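These protein sequences, in sequence, are chains A and B.
Residue numbers for the first sequence, in the UniProt record's numbering: 1 to 738.
Residue numbers for the second sequence, in the UniProt record's numbering: 1 to 317.
Among the hints, a few may not be true.
[Stated by the list, open to error] Okay, the calculated bits of chain B under chain A, using three or more residues with CB under 8 Å as the criterion:
1. 110 to 121
2. 137 to 145
3. 227 to 235
4. 298 to 311
[As the list claims (entries may be wrong)] Stretch-level coverage of chain A by chain B, calculated; a stretch enters the list once three of its residues show a Cβ under 8 Å from a Cβ in chain B:
5. 345 to 358
6. 606 to 616
7. 666 to 679
8. 725 to 735
To be clear, the hints were calculated from the coordinates, so they are not data collected in a lab.
Just so it is clear, the structure is predicted and the values come from calculations on it, not from any experiment.
Yeah, the Cβ is synthetic: ideal placement off N, Cα and C, and Gly gets one too.
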Amino acid sequence: MKFDAPAGANPIDKLRVVGRPTDRIDGPRKTTGTAPYAYERHDVVPNQAYGYVVGAGIAKGRLTRLDVSAAKSAPGVLAVVSTLDMDRLPLSKMNTASLFGGAEIQHYHQAIALVVAETFEQARGAAFLLHPEYQATPGRFDLQAHEDAPLVGGSSGEGSGGPKLDRVGDFDMAFAQASVKLDQRYTTPDESHAMMEPHATIAAWDGDRLTIWTSNQMIAWNKRDLAKTLGMSPDKLRVDSPFIGGGFGGKLFVRADSVLAALGARAAGRPVKVALTRPLIFNNTTHRPATMQRIRLGAGRDGRLVAIAHESLSGDLPDGKPETAVAQTKLLYAGANRLISMRLATLDLPEGNAMRAPGEAPGLMALEMAMDEMAEALDMDPVRFRILNDTQTDPEKPGRPFSQRQLVECLRTGAARFGWDRRKPRPGTVRDGRWLVGMGVSAGFRNNLLQPSGARVRLDKRGTVTVETDMTDIGTGSYTIIAQTAAEMMGVELDQVVVRLGDSDFPASAGSGGQWGANNSTSGVYAACVKLRDAVARAGGLDPDRAEFSGGRVAAGGRSIRLADAALHGDLVGDDRIEYGSLAKQYQQSTFAAHFVEAAVDGFTGEVRLRRMLAVCAAGRILNPKTARSQVIGAMTMGAGGALMEELAVDKRRGFFVNHDLAGYEVPVHADIPHQDVVFLPEADPVSSPMKAKGVGELGLCGVAAAIANAVYNATGVRVRDYPVTLDKHLQRLPELA
Amino acid sequence: MKPFTYERADSPAAAAAAVARTPGAKFIAGGTNILDLMKLQIETPTHLVDVNRLALDRIEDIPGGGVRIGALVRNTALAADRRIRKHYGVLSRAIVAGASGQLRNKATTAGNLLQRTRCPYFYDTAQPCNKRAPGSGCAAIGGISRQLAVIGASDHCIATYPGDMAVAMRVLDATVETVSPDGGTRAIPIADFHLLPGDTPQKENALRPGELITAVTLPAPLGGRHFYQKVRDRASYAFALVSVAAVIHPDGSGRVALGGVAPKPWRVDAADAAMKHGSRAVAEPLLAGARPAGDNAFKLPLAERTLALVMSEAKAA
Ligand SMILES: Cc1cc2nc3c(=O)[nH]c(=O)nc-3n(C[C@H](O)[C@H](O)[C@H](O)COP(=O)(O)OP(=O)(O)OC[C@H]3O[C@@H](n4cnc5c(N)ncnc54)[C@H](O)[C@@H]3O)c2cc1C
Ligand code: SF4
């Protein structure tokens, strides 16, 4: 199905199943421990051995020696795969650092060996017998030392991007002449996805055919890229990933677990399972790169922006890409004169790559703090200041409207619900005992991405509708919204729908990334259901154009039959995919939010504790308000981590992230998260897809950290522009407690 | 984890003897620290002597005042004990400020005292660390040191003692009771129990090979108000940046010890003597001679401010 004109009325609009808060259909399996996650799939293939990955202990240089003899003869050891056994493996499209092979070390904890043994403990024990020797060479580990890095454009590969330099109007002149100006620098640190389930894979060879049971967000990419890395034909590879314990972008790409499980299984001559140990995840895999950003804003005394400049520097390995932190600034606010640029430093730290809302998340941490500072400089309420600078068209291309843009409504609704009028504009003036209390706001923005997505829907003689697609459910609720879509389209109840996901033998979907999963994968299911409806009507001798599907029946021209009966003589199948025309060029499609936060700061210790959080989102049709809410509250929690504690600490001498476990890399715990509220504004976007939906999973994160930092500022009067806002950064500048 | 053998001891003296007999042997109690370290081969005992069934799990009154806490009393039980809550509130508060509910259910009094540092380089066996591999150097000096010690450290090691419980015990003047492999017993004042690193940071406490902790005793109740204020980046489940254990009497006199700043719970007589004179007067002697490592200089003002917080709460009462 080609989607090239705005959607008209269609069967989804009934909203009998879609759009209703619905429990996860996979919930019982998760709560009873019967949902199969990669590492525990004991039943898929017999005789599984255990692999243990060894990471390099230097950041840059060569591995000169790896003594495999002792490990090979250790108890239970079946095989040792050494990176010195082979040339560097081919690099797939999505990877920057080599995953395995060859002596060169490009970053800390790059995999150098896999030990395979009968038990995990034996493999791990033998791994300590390898005694690697290195020849270290100096590396570049300090982003701050590279402020003059070259301008580089690029895309996050996950939905945001920008040219290296983009000018609209005459920024320099407009900024010079503006009556009120802001010129500030902000930094965001390297961050880790820190998902609960580590990267894990079981690999089994059958002759030259390989099956991997893994944990991956993008099955089709994974199949293509793993085949390339292993030098095999994708036709001989099957990838299966039905349940994923979180990814946040860390599982978009092929990682060492799959590659080494496959190599280990070949070497051991039997199936091998590999999970990356927690300490490896931080340096062996990818992370959100640190940024140094400069923002300049110029406005008239009336508060209207006339000049906006956003420049960002990030670093990555050679041939890597920039963190696209300037992307949202191209679209978020009006202003005739604009300048956007990105610089990319070459660093020898682990690979930087997509993490939930790549680009926008760190970009908004800076931009939305700058907007708060500018509002203060203008002596204007920060909600009003944002509303005043709203735009309904692409500010770089005024002829191009937003398909839907309810940022102003988000801000107004949020302000009213949150009690924003109680905020004291003068910072550092509200006390609650020893606590300094403040409120902060920010806008949230994330683009809506369109990706082709396929599905196959089958009706059998029991009336069961089975959906198959390689779409993944990374905890987001894909199973449920896909079932809702099929139930709505086929006029059946949810319990008559079976959803099977994550298998590369199923039609290729959009996968889970860039908050594009929900809208695109359900649109693919919609397309397949349109085909199936047609087949059902024809099988029942009904006019497909008039057929109405409801109550497990299909009716047309006064005649009605049971769906089950239509499939009496064999399953009926609809197989299709959604593809998109040029609507995304004609319209800017984005999602919007307003985040409100109340924070308290201990006047003695400077500890920051959140009190209330509210997100108001406008993001197209909300397919399942219950799972969507879960997405947003999870994202707000991640935003709290980014604002207050998450930072990969870079050892600039040794070139690695030092706090590589969950004791050192702190993410929020329950006690950090207070009352959270989420409001979805009514919206249906016919330009987006037949589902009229968009995404919320990343929107929920975008802007949260700035709203928190702005609340902290409002509480203390001390502006901290380097994330995370930890107590040491404002401790000695806090107002005196009377 | 290296392969190891295992036995379960049936008396304290037998446990001590078993460890003394086998080179490379160690005790295991709750296992919440030693097992993690074994998985990473930071500790590589050849033999584990399980002390969990030694019936050292009681809290008893000592005639004439005070209590004896068995070495195997779990942190949860200790914090919840009525006597402890009533008379030694600082200890209850310190314990519940640490780790998580699950860990406290497992963690024992002796094991908690002996928990090892959380210096991140100590945990990475590819990095030099004098505590883990004596003589290899200290990667933390000049590196990431935000969590590390500002006082009491040496040029060989700047790690902190990370625990909470022992800081409260320090302010209470607890005594560690032990039995040696030869059956002899000792009582070690908590002040002397943890050692400063000097040039042997691998030596963290006063125990001799095979010596088993049997109990910790607390002297008769001190009265006063009890405080344990733990400062950290997140609200729970994090080690202290700085913590303050204090007992403060109505006239403002009292005692104080700091956690998170030194290789051992940090207490200085002159600081106790200054309690009536405010946080600045206490902080000065308490932190005299501090040498921050770089990223952690903030711990000095933070310690003083946390003291001020505790003192203001004491006044408000
Ligand atoms: C994730 C996490 C977070 C934590 N957070 C905190 C925190 O915030 N604050 C805090 O204070 N602690 C914290 N801890 C540490 C926790 O308190 C300790 O792990 C626990 O107290 C150790 O007790 P255990 O009985 O399990 O000791 P084990 O691991 O069994 O033993 C520890 C050491 O003591 C020795 N040992 C045990 N018993 C005896 C004995 N009777 N005589 C002589 N030697 C003995 C063992 O040989 C070993 O060397 C945390 C731990 C974890 C894993
Ligand atoms: S501070 Fe101590 S524990 Fe940390 S690396 Fe240095 S020697 Fe090791």
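Hint by hint, here is what the structure shows:
no., hint, in the structure
1, 110 to 121, "holds (count 3)"
2, 137 to 145, "holds (count 4)"
3, 227 to 235, "holds (count 6)"
4, 298 to 311, "holds (count 7)"
5, 345 to 358, "violated (count 0)"
6, 606 to 616, "holds (count 3)"
7, 666 to 679, "holds (count 6)"
8, 725 to 735, "holds (count 5)"
Checked against the numbered hints given earlier, the structure breaks only hint 5 and satisfies all the rest.
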